[in-house]
Amino acid sequence: MMRIPAHWRSKQYWWDTGQAYLYLLPAMLVLGVFVFYPFFNAFNLSFHKVYLVKRVGGQLIPLYMEYVGLSNFTRLFHDSIFIKAIKQTSIYVGVSVPVTIGLALILATFLNEGLRLRPFYRLAYFMPYITPVVAISLVWQWIYNWKFGLLNYLLGFFGVDLINWLNDPRFALPAVIIMNVWRFVGYQSIILLAGMQGIDKMYYDAAKVDGASGIQAWWKITVPLLTPQLFFVFIISLIGSFKIFEEIYILFGTTPGPLNSAMTMVYYIFDQGFQRFHFGRAAAASVVLFAIIFTLTLFQMTVTQRRVHYER
Amino acid sequence: MLKRYGFAALVALLLLGVLAFSQVTIDFWHAMSKQHGPALEALVQKFMDENPGIIVNLVYQGGYGSLSQKLIGAVAAGEPPTVAQQYENWTTQWLDALVPLEDHLSPDVLADIHPRFLEMNRFNGKLLTVPFNKSIIVLYYRPDLVPEPPTTWEEFLDLACALTVDKDGDGVIDQYGTGLRPPNPEIFLTFLAQNEGSILSDDWSKVTINDERGLETMQFMASLAKCALVQGGYLSDPFGQGLIAMFVDTSAGYPYNLAAAQQGGFEMRVAKVPCHKNCASMVQGTNLGVFAMNQTPEQIDAAIKLIEFLLRPENTVYWAEQTGYLPVTMSGFNSEEWKAFTEANPERAVMTEQFLEGGFGQLHHPVYWDIRSVLITYYEQVLRGETDPKTALDNMAAEIEVLISE
Numbered sequence: 005m006m007r008i009p010a011h012w013r014s015k016q017y018w019w020d021t022g023q024a025y026l027y028l029l030p031a032m033l034v035l036g037v038f039v040f041y042p043f044f045n046a047f048n049l050s051f052h053k054v055y056l057v058k059r060v061g062g063q064l065i066p067l068y069m070e071y072v073g074l075s076n077f078t079r080l081f082h083d084s085i086f087i088k089a090i091k092q093t094s095i096y097v098g099v100s101v102p103v104t105i106g107l108a109l110i111l112a113t114f115l116n117e118g119l120r121l122r123p124f125y126r127l128a129y130f131m132p133y134i135t136p137v138v139a140i141s142l143v144w145q146w147i148y149n150w151k152f153g154l155l156n157y158l159l160g161f162f163g164v165d166l167i168n169w170l171n172d173p174r175f176a177l178p179a180v181i182i183m184n185v186w187r188f189v190g191y192q193s194i195i196l197l198a199g200m201q202g203i204d205k206m207y208y209d210a211a212k213v214d215g216a217s218g219i220q221a222w223w224k225i226t227v228p229l230l231t232p233q234l235f236f237v238f239i240i241s242l243i244g245s246f247k248i249f250e251e252i253y254i255l256f257g258t259t260p261g262p263l264n265s266a267m268t269m270v271y272y273i274f275d276q277g278f279q280r281f282h283f284g285r286a287a288a289a290s291v292v293l294f295a296i297i298f299t300l301t302l303f304q305m306t307v308t309q310r311r312v313h314y315e316r
Numbered sequence: 016m017l018k019r020y021g022f023a024a025l026v027a028l029l030l031l032g033v034l035a036f037s038q039v040t041i042d043f044w045h046a047m048s049k050q051h052g053p054a055l056e057a058l059v060q061k062f063m064d065e066n067p068g069i070i071v072n073l074v075y076q077g078g079y080g081s082l083s084q085k086l087i088g089a090v091a092a093g094e095p096p097t098v099a100q101q102y103e104n105w106t107t108q109w110l111d112a113l114v115p116l117e118d119h120l121s122p123d124v125l126a127d128i129h130p131r132f133l134e135m136n137r138f139n140g141k142l143l144t145v146p147f148n149k150s151i152i153v154l155y156y157r158p159d160l161v162p163e164p165p166t167t168w169e170e171f172l173d174l175a176c177a178l179t180v181d182k183d184g185d186g187v188i189d190q191y192g193t194g195l196r197p198p199n200p201e202i203f204l205t206f207l208a209q210n211e212g213s214i215l216s217d218d219w220s221k222v223t224i225n226d227e228r229g230l231e232t233m234q235f236m237a238s239l240a241k242c243a244l245v246q247g248g249y250l251s252d253p254f255g256q257g258l259i260a261m262f263v264d265t266s267a268g269y270p271y272n273l274a275a276a277q278q279g280g281f282e283m284r285v286a287k288v289p290c291h292k293n294c295a296s297m298v299q300g301t302n303l304g305v306f307a308m309n310q311t312p313e314q315i316d317a318a319i320k321l322i323e324f325l326l327r328p329e330n331t332v333y334w335a336e337q338t339g340y341l342p343v344t345m346s347g348f349n350s351e352e353w354k355a356f357t358e359a360n361p362e363r364a365v366m367t368e369q370f371l372e373g374g375f376g377q378l379h380h381p382v383y384w385d386i387r388s389v390l391i392t393y394y395e396q397v398l399r400g401e402t403d404p405k406t407a408l409d410n411m412a413a414e415i416e417v418l419i420s421e
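Going down the list, the sequences are from chains A and B. Position 128 of the first sequence, counted from 1, bears residue number 132 in the numbering used here, the numbering being contiguous throughout. Position 259 of the second sequence, counted from 1, bears residue number 274 in the numbering used here, the numbering being contiguous throughout.
Wrong hints could be hidden among the right ones.
With a cut-off of at most 30 Å between alpha-carbon atoms, the simulated DSSO-like pairs for lysine-lysine come out as follows [claimed, not checked]: (1) Lys320/B with Lys49/B; (2) Lys85/B with Lys58/A; (3) Lys53/A with Lys241/B; (4) Lys85/B with Lys151/A; (5) Lys182/B with Lys85/B; (6) Lys241/B with Lys292/B; (7) Lys151/A with Lys241/B.
These are computed hints drawn from the structure, not numbers from a lab. Please read all numbers here as calculations on a predicted model, not as lab measurements.
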């Protein structure tokens with residue numbers, strides 16, 4: 005017979021545990037309804053063809069589901085637009101994540117120098133992050149205007165010809181990248197700055213004693229000790245940027261860019277599900293997206309885990 | 016005292032209960048904003064004044080995208096509103112859930128709806144919706160640049176190219192004869208219909224878009240594109256900025272295009288779309304459907320009354336006058352009021368004439384929206400000069416073939 009653990013016998017234990025779960029209950033309910041249920045439901049939907057409503061034997065059945073096995077998935081990989089979406093999302097992530105983090109690191113370093121008006125700079129760089137996406141996209145629509153936009157005007161001073169940012173398939177994705185790098189640099193730099201300010205001064209003093217230059221100190225002390233924050237920013241930025249959609253939807257006026265050049269995975273899911281009513285297919289696409297992000301995140305965590313130095 | 020007042024109170028409560036039961040509440044979901052919203056509210060209020068036992072919950076659900084998503088959610092939950100605006104390609108997703116209107120509308124009202132509209136609102140032979148806010152495609156032009164609007168494809172092409180100029184000789188075109196929007200394939204479909212072509216055969220069994228008539232149309236679009244500003248965004252902006260001399264667009268865009276012209280400081284006029292073998296023009300805008308799901312017979316009756324009310328000649332004319340859409344009934348089109356209104360507003364006369372001469376609607380195929388997306392993809396390639404018309408059409412046909420066979 006199995007021996008019941010001693011602490012299970014104590015009434016106090018159950019009382020404490022029960023209380024704990026009670027406190028967790030509201031959050032679990034919300035997560036359950038808005039995260040876990042949709043998550044498993046999407047998996048289920050991806051194996052079905054979904055009729056919004058169907059009359060079956062005199063009864064009107066909403067969300068009538070017909071099992072179709074893996075056909076939604078095979079259909080997906082035969083759709084050139086889906087493949088394009090995967091490719092373009094990957095390019096977007098592959099460029100914007102390192103560029104944003106790199107710039108954020110440089111920005112944080114400068115902010116850490118103790119400039120005057122630092123609070124002003126922090127606010128200025130953080131503002132884009134807290135401004136609603138719709139507002140940002142609408143303004144950038146004008147900044148990117150071919151003949152009258154601010155960006156082309158400024159580039160004109162450097163002798164650059166008019167670039168049709170929003171109407172040229174070669175420049176659509178770059179346009180999205182630039183806008184989003186601008187949006188997230190501030191937020192990421194604040195996080196990195198907080199990390200930098202948490203680094204013990206004694207390391208820098210020791211480095212000075214050993215005759216290290218500013219750059220050496222930065223590379224050998226700041227960056228390694230910043231790795232927890234860098235890691236955090238890397239992961240959330242990677243996961244977040246895979247899900248890009250709203251900016252594109254608004255920037256290109258509810259189209260996925262000229263010649264689908266700004267089609268991304270979430271845009272594809274939205275289009276399939278809410279514009280074409282193919283709920284099963286949309287669910288399958290979201291499962292594929294989940295698989296990609298999950299694999300990448302696992303890979304990221306195992307590979308970079310060793311390189312992250314956590315202060316004890 | 017309690018006895019006396021108690022009894023009176025009881026009677027009053029009972030009466031209230033009876034009244035409540037005799038009152039019917041229906042939900043009407045719509046996407047009409049700006050000036051259209053107040054006009055709809057006025058009509059609905061008038062209806063409720065005439066019918067004291069009916070309460071209409073008029074709910075603005077946002078733009079069309081928002082409305083369609085809310086309807087999807089509502090139908091999926093089994094609780095749609097009683098009446099809702101809907102595009103044909105939404106209707107095809109919930110055909111089973113709509114009330115067949117021929118069983119309920121009075122024969123007079125049915126006979127009064129313009130036959131072209133009746134056709135557009137039949138699904139598998141059944142009338143499931145009635146036309147509501149309908150627009151037609153027309154030609155907008157600047158009389159200062161275009162003294163005589165073109166009336167044929169050849170005239171349109173020649174004029175567009177003559178008006179595409181590089182004014183200051185810097186190698187960049189400053190003015191385009193016309194503009195074309197790839198996300199708006201309804202323009203191509205209009206010209207296709209004018210050439211007597213179609214996407215599918217009448218019985219939907221074959222793809223016909225890449226036959227000769229389709230090819231001629233696409234070749235025309237390709238030539239036109241050489242003298243056109245091609246962009247994804249609405250053409251009212253570049254029009255107002257003086258970048259376009261004339262363009263084919265929906266009549267629903269009239270207020271925006273006019274505002275742009277006023278800002279640009281020039282006059283704008285409306286003409287019929289240049290014709291070819293016929294003067295067809297695509298009708299857009301939504302219809303009204305009554306949901307059978309989750310409704311009591313009283314609610315359905317109330318909804319039918321509302322629809323018959325909206326279809327009265329004076330009401331359809333009022334709606335058209337206030338919004339820029341078209342009247343939808345014969346008596347509406349033929350009424351003295353509409354005639355006088357079109358005389359005072361010539362662009363409305365053009366729109367009316369364009370519709371009466373050649374208005375046609377969307378294909379009612381269940382995967383029409385997918386077909387339309389395929390259409391947009393290849394149409395855009397042709398407009399941007401990336402693919403030649405024949406290859407584009409053949410690729411398009413192959414993909415549509417797959418879509419309709421699923």
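Checked hints:
1. Lys320/B with Lys49/B: holds, 26 Å
2. Lys85/B with Lys58/A: holds, 18 Å
3. Lys53/A with Lys241/B: Answer violated: Lys53/A to Lys241/B is near 43 Å, above 30 Å.
4. Lys85/B with Lys151/A: violated, 38 Å
5. Lys182/B with Lys85/B: Between Lys182/B and Lys85/B the Cα gap is close to 49 Å, so the pair fails against 30 Å, i.e. violated.
6. Lys241/B with Lys292/B: Within the cut-off at roughly 23 Å; holds.
7. Lys151/A with Lys241/B: Cα-Cα ~19 Å, so holds.
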